[in-house]
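Order-wise, the sequence lines are chains Z and C.
Position one of the first sequence corresponds to residue 77 (our numbering), numbered consecutively onward.
Position one of the second sequence corresponds to residue 75 (our numbering), numbered consecutively onward.
Treat the hints as calculated values from the structure; they're not laboratory data.
Among the hints, erroneous ones may be present.
What the hints assert, rightly or not - Below, in silico cross-link-like pairs of lysine to aspartate or glutamate (EDC-like), each with a Cα-Cα straight-line distance of 20 Å or less:
(1) Lys144(Z) <-> Asp215(Z)
(2) Lys148(C) <-> Glu136(Z)
(3) Lys148(C) <-> Asp215(Z)
(4) Lys176(Z) <-> Glu186(Z)
(5) Lys144(Z) <-> Glu218(Z)
(6) Lys171(Z) <-> Glu186(Z)
(7) Lys148(C) <-> Glu218(Z)
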Amino acid sequence: MTRKIDNPVVSLVSRLISPFIMLYALYVIFHGHYSPGGGFQGGTMLAAAVLLLRLSVGSEISQLQFRKSWGTRLGAVGVLIYFSTGFLCLLLGGKFLDYKYLAKILPVSEVMARSWGILFVEIGVGVAVMGLLVSIYDDLLEGNPNA
Amino acid sequence: MHPEVEIIFFILLIITALLALNVKNLLLAVVTLTVFSFVSALLYVAMGAVDVGFTEAVVGAGVTGVLFVVLIFKTVRRSSD
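I would like the entire structure built from these sequences, with the hints used as guidance.
Take a look at the structure:
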């Protein structure tokens, strides 16, 4: 942020905690169809892990973890994953996001194809939410030299 | 599920909402709003809506607080009342 205080305790603790937040966020995304959570919550937690380092060690150094230009691209990639899953079901003969028809190209049964389809959609949502939330933070601090 | 727990949460919710509206320091108001969000997440969980409570805890107490703090540092207070 605007102050230039290098507190070793804050930077060390946030650097230590950020990967574990990301790990838990991945658990939330990949377990979203068995337990509470899902793509949006997991993506927001991934973004919170990035924003923690952005706040504590500054925007310059945290570019090493997540670059400023990746935000919008990850958002586009996430939307692409979501809609390609949906339209793949449409092309394979079903309705939009009708995961049962994914069993024609995946080597699983129809029941497992539904589970895999929901997983793909949630990965897409999580990636899009993470990229765009970090992108909002970076756009707010645009042009601030000592951010 | 537990009415007395919910009553405690509702009282905390009203207290934090009034504090966030009436406090003069904007940074303190953001922190109080985060506490409001977290207590409402606890209230959702106590009422059985675990997914809604999870979303409220992650979004309300995690990301919007950060965005509000950034906006406070980007703006200036004009009036001195």
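Here is what the structure says about each hint:
no.: 1; hint: Lys144(Z) <-> Asp215(Z); result: holds (9 Å)
no.: 2; hint: Lys148(C) <-> Glu136(Z); result: holds (18 Å)
no.: 3; hint: Lys148(C) <-> Asp215(Z); result: holds (12 Å)
no.: 4; hint: Lys176(Z) <-> Glu186(Z); result: holds (5 Å)
no.: 5; hint: Lys144(Z) <-> Glu218(Z); result: holds (10 Å)
no.: 6; hint: Lys171(Z) <-> Glu186(Z); result: holds (15 Å)
no.: 7; hint: Lys148(C) <-> Glu218(Z); result: holds (10 Å)
The earlier numbered hints are all upheld by this structure, with none contradicted.
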